[in-house]
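S.K.: Here is how the chains run, residue by residue.
4 protein chains.
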Amino acid sequence: MNQSSINQLQLGFIGLGRMGAAMVRRIQQAGVSCVVYDQNAAIRQQLPGSVIFNSSLEELVKNMKAPRHIWLMLPAAVVDSVIAQLKPLLEKGDTLIDGGNSHFTEDIRRANALKAEGIHYMDVGVSGGVWGEERGYCQMIGGPKDHYEYLEPVFRALAPGADAAPRTEGNKGEPSPAEQGYLHCGPSGAGHFVKMVHNGIEYGLMAAYAEGLNILKHADQGLNPVAADAETAPLEHPEYYQYKLPVGEISELWRRGSVVGSWLLDLIAQEMHQSPDLENYAGRISDSGEGRWTSTAAIDLGVPAPVLTSALYSRFASRGNDLFADRVQSAMRHAFGGHKEKAADQGESE
Amino acid sequence: MNQSSINQLQLGFIGLGRMGAAMVRRIQQAGVSCVVYDQNAAIRQQLPGSVIFNSSLEELVKNMKAPRHIWLMLPAAVVDSVIAQLKPLLEKGDTLIDGGNSHFTEDIRRANALKAEGIHYMDVGVSGGVWGEERGYCQMIGGPKDHYEYLEPVFRALAPGADAAPRTEGNKGEPSPAEQGYLHCGPSGAGHFVKMVHNGIEYGLMAAYAEGLNILKHADQGLNPVAADAETAPLEHPEYYQYKLPVGEISELWRRGSVVGSWLLDLIAQEMHQSPDLENYAGRISDSGEGRWTSTAAIDLGVPAPVLTSALYSRFASRGNDLFADRVQSAMRHAFGGHKEKAADQGESE
Amino acid sequence: MNQSSINQLQLGFIGLGRMGAAMVRRIQQAGVSCVVYDQNAAIRQQLPGSVIFNSSLEELVKNMKAPRHIWLMLPAAVVDSVIAQLKPLLEKGDTLIDGGNSHFTEDIRRANALKAEGIHYMDVGVSGGVWGEERGYCQMIGGPKDHYEYLEPVFRALAPGADAAPRTEGNKGEPSPAEQGYLHCGPSGAGHFVKMVHNGIEYGLMAAYAEGLNILKHADQGLNPVAADAETAPLEHPEYYQYKLPVGEISELWRRGSVVGSWLLDLIAQEMHQSPDLENYAGRISDSGEGRWTSTAAIDLGVPAPVLTSALYSRFASRGNDLFADRVQSAMRHAFGGHKEKAADQGESE
Amino acid sequence: MNQSSINQLQLGFIGLGRMGAAMVRRIQQAGVSCVVYDQNAAIRQQLPGSVIFNSSLEELVKNMKAPRHIWLMLPAAVVDSVIAQLKPLLEKGDTLIDGGNSHFTEDIRRANALKAEGIHYMDVGVSGGVWGEERGYCQMIGGPKDHYEYLEPVFRALAPGADAAPRTEGNKGEPSPAEQGYLHCGPSGAGHFVKMVHNGIEYGLMAAYAEGLNILKHADQGLNPVAADAETAPLEHPEYYQYKLPVGEISELWRRGSVVGSWLLDLIAQEMHQSPDLENYAGRISDSGEGRWTSTAAIDLGVPAPVLTSALYSRFASRGNDLFADRVQSAMRHAFGGHKEKAADQGESE
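Chains as they are written, first to last, in the numbering used here: chain A, 46 to 395; chain B, 46 to 395; chain C, 46 to 395; chain D, 46 to 395.
Hints were generated in silico from the structure; no laboratory data involved. Keep in mind it's a predicted model, so treat the numbers as computed, not measured. Treat the hints with caution; some may be incorrect.
Just so you know, same-sequence chains aren't split out, so a pair can sit in one copy or run between any two.
[Said to hold, decoys possible] Computed list of lysine-lysine pairs in BS3-like fashion (alpha-carbon distance at most 25 angstroms, straight line):
#: 1; residue 1: Lys107; residue 2: Lys289
#: 2; residue 1: Lys132; residue 2: Lys289
#: 3; residue 1: Lys289; residue 2: Lys190
#: 4; residue 1: Lys137; residue 2: Lys289
#: 5; residue 1: Lys160; residue 2: Lys289
#: 6; residue 1: Lys190; residue 2: Lys217
#: 7; residue 1: Lys132; residue 2: Lys217
#: 8; residue 1: Lys289; residue 2: Lys110
#: 9; residue 1: Lys217; residue 2: Lys137
Work the whole structure out from these sequences, hints included.
M.R.: Written out as structure tokens, the structure reads:
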């Protein structure tokens, strides 16, 4: 598609949170006309003047020519109610695009329901977070192929572009969409399915770094050996664990030339540069759905995902949800061996 | 071996903690003469008058006729120093028996070192805890076969006996040692190796019950749904989780007729009968070595043990040793998405 | 309830598979009149003559006096279609009891749907397998309290009774239902919810034993050390792993006096008595739903269940479902280090 | 250090495998004089003419001026024997550097033993694999600080340099060693300790990607639903799993703008570009020690590492080492429920 046909493209956009506003700036700058709405009118100040800001959904729909393409960038919990408000305003042939974090089964349900009314539905999993405006957004797209093709200039505008990573050896010619950072993955739900697994992997990657750095952090344990008792295994070889390792510098080190280099590691190095002990964080790790859904999909499919689910469970445990299970085990120890929690006893045996 | 030859058997015994004293009572009652020592002389009151109590290791050795068989029931950390004290007092042909919780590699080392001095060494893994005096002790034995045979009356006296469990279909005749609750497992270290794995399994069993009961405990979560935010996945179907389950009664229920019945479950039911919420336990689960060694052996051998090691790691986490790892992950979440720990944000995406 | 009122109780029963037929025999023997149906008429031979066998659902309903109580003991996949056939035959006030392995959310759905027609619904999770006729069945019951009370004689007849396990210290008086082996756990779905978690625990217990026995089985690895190469970590201490352990006898041994004694261990000993190497089993472990649902419930609730889910994933892996994941990792190893699968290379480093 | 003092540096180097030879080329090119030996004399052809190749260890030592610094780049299994051969040839004040994959406890032992003879010892964990010649090598260094400083030009020559990654915000001035890709981590063993954990993390990262891609690969399972039976849980919602996802293209897609971008992902995309199904790999994943040691260190220290150890165990399972455990579970299923492996039964219940 050449620039002049891009310039004729018009995109509706609802939801101008931190991420949505940044996306609109990138899209508008590429020459696509954005017609937008957010309940917070103040957000208008953060958009280029050429973007058409509307004060209601009705106005937004009126200000667009049919067939309309409207991108929703909303918290998963409100998508359905916004769709319900939009539906009576739309015409047959219009298209809604959910760019948030919906569960892929919701996409299947919505696409079927909207199809009955002649409205098209696409799902786009978007990765990039607050860095996306600068780095571009990686987009995983599901829905009808022809609508994907129509919207390709939008996806391309949002994508990081081929230069964002060295080309894979053997690839030739014009960079493929995947090489630019967007991909039509399949029918309705495929985009959010791939995004879901992407986030599931992310949980595993994060936990892998975290566990390794935690081991490094404890490598000085032999310098302060705890007295042995029957309740806690003593450190058998304190002489091996006498290292006060510069964990923050190590995260910086691994960014260059090592096998574990990654964007997540870049972020760790950044955080540790500011505060090597990360004492500002209590360590209660939130989770926002996709990690859970990934494990649930693995279970549905009978596919083992021990690393991804371990990472998820560590998050649950970090929030204290293992307390009763831990009590049960302490109680059992007490019952069979007279073990008090952390109290010595001579010649005890289980 | 008939009763008269049992009556000629003499057993030295060092270490009269709660478990050691109980064992001596069982052995002496079977007709074996016990010659014992403990640094705490007051323990003498808890032994039958026929037991010969000594006030020093020297006295104990002197009060025994060669070849001596001396059972050590001591914390793993002091076994080596007691052996060092005993060695100059012993004669060629004497035998030491370690009934504590030594690592099997220590047994191999000690057996080799003592062999050079003409002293025999046996290792016995003993299960039964504080209940053993009543139920009998399950014994896993390593070391030279002929010494095992000589000491069989002792093992038999300690064992629960064949009646402690229904006979396995197809077994006939005189109950085998295994059917009575003791077994010669192999050469030096084999006893403690089998005991180590026994405890490794025990960790897995305990965690399995604990996790399941914890799920039951949380089954009322839908009654108090938490407001959704971008940081925590909300409960998608609060209508499914509205059960206030009687967890204590359920542990009692499963003891009869169900597939998960076990002695550990008996103990859980006992503890929950006293206190259904187990609020006396902080849930900091100790571990005393064997669970660690089991996982290390699995790793050495290249054998997967995900359940056993997960159980072990849950114990570590229950003591807060995952804190820095959790902080690393919270920090990463902050870095890529501007996620605050537990604070909402609109339309965020990873 | 005294025996004469029990004798007036009538129970319909549909589904006389191995388990259903055995249950009917137990119920009828307790004095409750059973009016039964199974599509396989030959099963009639295995029932007492006093049981009223019917050749159709219609006949069964006709042969019962209202209000009817009909127990379904069917594969989970056909329960809904049998209910659909029964519904037009039933009257307001009749009760259906699902004793199979339904997902608890199905119970909630069915109870609501049937309530609209004035029909009651109860769910009973039944444990005991093919041994239940002899041992009795452990029953976890959900649904309206008054119907539970009405049917209590049936539950009591099926249950193992208080003598099946030693009484928990502190319990007094008439044994409670839980002490007899049945329990009203809560409203619709509560019975199957508790049974689901029961099976989830069972998966964990089974895997714990299996992993431990597998370590024992490999303890002879040092007798046949593999040559070291850059692709496989050699056994660092072959001298530690020289034990040919009698795994079958060990499973027998642990049944008496040890902490890990359980009914599942009894079964392992039985199987290993017949064939110590279990070479008749290919090791493709099936799973039948409850283990999956338990992990999914844990994930829904944000409760960590690493042991239970690890056990589930091991089953998936035993059926080869990890193949592509393994290929991905071999491919990565090849890509970064020129590692061939299992082929040596000098001085390689990751 | 300026270039003229670099030019006076001389480095001995033993072990010119694929990695060693590449490292020598990089070092020599930076102006350090390399005096090398490998048992394979043909390797000489792959080195610059200015490198001094020797035909024996004796010759190598003779061709160096004291105090000598000799880098060993050898398989871990032969390091000790080469050190034993070198020791009588060396003089007090000489230094050995182990750049291979030794366990950090070996470093501690060797450093102590060599110190007694007046010889210094350093350990360097080197990451970069076959790509290091082009990308540079990430180096984690342990041993005496003054020797680290003396050898810094060598480390700097091998390192990727600061340009290999974007600078962390807030860093200023001359790039630190960590920013260039090498770091003095602490006393003897610290280098290999950090490298060990680096590889442990790598195992976790690899498994996270592999599990996620495996889920994507199975997302078409609903297109070929398996008939339900009592032994295998059927796919409850085949309508959700109808995606034939382009897994190879997805791995390419995620390289740009997404949170999971990394060097390992670059390699996956490369491998999948050549063969999307990776059918050339049998999926028997090797492991070469560091992953095991990482988990063992975590266990020693009482630090949970569920993700890293799960990844390790998946490798063990990929090689079939879970077989007996799987048989035990199939046998149990048979015993309690009459379950045949994969064979239907009606109304069965566990």
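S.K.: Taking the hints in turn, state whether each one holds.
M.R.: Against the structure, the hints:
1. Lys107 with Lys289: Classified as neither: same-chain Cα gap 65 angstroms, cross-chain 38 angstroms, threshold 25 angstroms.
2. Lys132 with Lys289: So Lys132 and Lys289 fail the 25 angstroms test inside a copy (61 angstroms) and across (31 angstroms) alike.
3. Lys289 with Lys190: between (56 angstroms within a copy, 14 angstroms between copies)
4. Lys137 with Lys289: Neither way: Lys137 and Lys289 sit 66 angstroms apart in one copy and 29 angstroms across, limit 25 angstroms.
5. Lys160 with Lys289: Cα proximity of Lys160 and Lys289: across copies only (22 angstroms, versus 62 angstroms in one copy).
6. Lys190 with Lys217: Answer is within: at 24 angstroms inside a copy they meet the 25 angstroms cutoff, but 49 angstroms across does not.
7. Lys132 with Lys217: neither (44 angstroms within a copy, 54 angstroms between copies)
8. Lys289 with Lys110: neither (65 angstroms within a copy, 35 angstroms between copies)
9. Lys217 with Lys137: This pair counts as neither: shortest intra-copy Cα distance 41 angstroms, inter-copy 58 angstroms.
Going through the hint list in order, the structure does not satisfy hints 1, 2, 4, 7, 8, 9.
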